[in-house]
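Chains as they are written, first to last, in numbering that gives the first Met the number 0: chain P, 0 to 268; chain G, 0 to 264.
Incorrect hints may appear among the rest.
Said to hold, decoys possible - Stretches of chain G that chain P covers, calculated by requiring three or more beta carbons in the stretch to come under 8 Å of a beta carbon on chain P:
(1) 73-83
(2) 94-102
As the list claims (entries may be wrong) - Per the computed footprint, the stretches of chain P lying under chain G, defined by three or more beta-carbons under 8 Å from a beta-carbon of chain G, are:
(3) 135-148
(4) 163-175
The set of hints was computed from the structure by calculation and includes no laboratory data. Using N, Cα and C, we set each Cβ at its ideal position, and we do this for glycine too.
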Amino acid sequence: MRLPAPATARRGMLVALLLLWELVPRTGLLPELFLPALSSTLAVLWQDRQIYSAALLVTLYEVALAMLIACGGGIAAGAVVGGIARLRELLLPVFSSLYAVPIVILYPVFTAWFGVGPESKIAFAGIYAFFPVMLSTAAGIRTIDPQFILAARSMGATLTQQVTRVIIPASLPTVFAGLRLGGALAIIGVVVSEMLTAAAGIGYLVTLNRTILDSPRVFAALLMILILSVAYYMLARAFESRMVVWQSAGRSPKAAQNESAGVPVSVAV
Amino acid sequence: MQHVAHLDETAIEVANLSHIYAGAQGTVPALEEISMRVGSGRFTVIVGPSGCGKTSLLMMLAGLRAQSQGTILCHGRPISDPDPKRVGVIFQEASLYPWLSALDNIEFPLSLRGARERETRQQRRARAEAMLRLVGLEGFGERFPYELSGGMKQRVSIARGLVQDPPVLLMDEPFAALDEQTRMTMGHELLRIWSTMLKTVVFITHSLTEAVYLADEVLVMSARPGRIIDRIAVNLPRPRTYEMMATDVFGQLRDRIWQQIRKTP
Ligand SMILES: Nc1ncnc2c1ncn2[C@@H]1O[C@H](COP(=O)(O)OP(=O)(O)OP(=O)(O)O)[C@@H](O)[C@H]1O
Ligand SMILES: [Mg+2]
Chain P
0 MRLPAPATAR RGMLVALLLL WELVPRTGLL PELFLPALSS TLAVLWQDRQ
50 IYSAALLVTL YEVALAMLIA CGGGIAAGAV VGGIARLREL LLPVFSSLYA
100 VPIVILYPVF TAWFGVGPES KIAFAGIYAF FPVMLSTAAG IRTIDPQFIL
150 AARSMGATLT QQVTRVIIPA SLPTVFAGLR LGGALAIIGV VVSEMLTAAA
200 GIGYLVTLNR TILDSPRVFA ALLMILILSV AYYMLARAFE SRMVVWQSAG
250 RSPKAAQNES AGVPVSVAV
Chain G
0 MQHVAHLDET AIEVANLSHI YAGAQGTVPA LEEISMRVGS GRFTVIVGPS
50 GCGKTSLLMM LAGLRAQSQG TILCHGRPIS DPDPKRVGVI FQEASLYPWL
100 SALDNIEFPL SLRGARERET RQQRRARAEA MLRLVGLEGF GERFPYELSG
150 GMKQRVSIAR GLVQDPPVLL MDEPFAALDE QTRMTMGHEL LRIWSTMLKT
200 VVFITHSLTE AVYLADEVLV MSARPGRIID RIAVNLPRPR TYEMMATDVF
250 GQLRDRIWQQ IRKTP
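So here's chain P without its partners, still in its complex pose (with noise of 0.2 Å):
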């Protein structure tokens, strides 16, 4: 007998954990303050859609705010940190002894200094999604092969040409890992902060139907974050293997193509 393909059974994982989510609570395995079923939860999000619409709403502004510091902010900061050798090896070290760091700490300090509103959360998670989008930059660039650039010296290319044609498509891969990774954590920071104060946002949503323990208002909320956060990943995902192709085929392009085709890999020999 043949194993079913990777996609094949991530799906029928997925079925069975819905599956479950309806039945458990359901059957009485676990009672539904704890887990409501997932009926339930969507009768709930179908009924409030309108509060629930306007909420998601008011998270993606944050998120989308909050990437664009991040992505932006943390693209230009991580080519001048990674391409300046002296830069490199005076804050380097100190980016990354930061990265451990709770930033969430600081949250208190950002509602003090932006209030409740939209604008903390977005600096907070613009700050948390910096770093790892500064760091991958830096080292995408520190890490390009050095023969990439004395071959293009050696064809004539000029300093422009040897940062436009070279530097920035070698480095790519690298900065668009730190672009999934950000925006991921730009969506985390933009929830936690509203989970802690808010008057709006899909976070906010969460804490105020626990404080009432209202179950299937709080996991539909849940099942909106979660359904926005992998969302976001498979677009980055989708977007990233487009724009480098090389990087994502170059381990294993038969596998690639079968996947994408939804072909069995076992089908093929």
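Using the hints provided, position chain G with the ligands relative to the given structure of chain P.
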């Protein structure tokens, strides 16, 4: 366009070249009093122990690194900056750009000066395609480097080095990363291309067989600081054949090079 080779004409002239690297732990004398003359259209091979400065010398010939002392003339003019119209360079690791297709890689040097020279995109493409054909990779132009074997990648590198039609080609251990069979084929291919284009080639290798098989003249360098300790003319007839490798003359030439290298500490 083809460069007609006049064997009495000098392509590269190096006089009293020395180089000292200034490192963090003091200075490293890498090259000492190198003088050499490479005739136009000649195939010159440089051999020498690892770390003796072969790559450094090649970088200087390419204008990629400045020497501490001495002069280098390429077709009568000093080479202070990389000049792809005079000198093409092919490196050991096929330094192809992984984000470009084979054809785009070959076209890369042309595209760098596309705006400055009145050459249309189609003309550039046609030149790149002609090079692809020359190295025997017709039909592989749309492939990316990761879809090519090591030997094919080096063919693309050679095409890229030749696309601007420079009279001088510098090659730094271009086949070192290849397996022995591919290496032999590539050497043979290189000679075929060279014989149709009559380029001046300076070729670095660690393989003595490859050196004798390819060269008109072999320059042997000493261990660091690198000096030229012997010049060996290889008067085997051309075109070279694999059978020649089994001849006594071939073996004697290879032994002589080995004796020279072995002498150096
Ligand atoms: N940029 C540099 N700075 C300092 N020292 C260098 C530099 N490049 C090379 N060297 C030193 O100069 C010497 C010659 O190096 P080079 O790479 O030219 O040798 P090579 O003959 O090409 O060696 P191999 O056969 O291993 O390729 C070595 O001892 C090396 O350590
Ligand atoms: Mg070398």
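| request: Quick one: see if chain P covers the region 73-83 of chain G, three-plus residues with Cβ-Cβ under 8 Å. | output: holds (count 3)
| query | Do three or more residues from the region 163-175 of chain P put their C-beta atoms closer than 8 Å to C-beta atoms of chain G? | reply | holds (count 5)
| request: Please count how many residues of the region 135-148 of chain P have a CB within 8 Å of a CB from chain G and say whether that reaches 3. | output: holds (count 3)
| Coverage assertion for the region 94-102 of chain G with respect to chain P, Cβ distance below 8 Å, three residues required | holds (count 4)
Checked against the numbered hints above, the structure breaks none of them.
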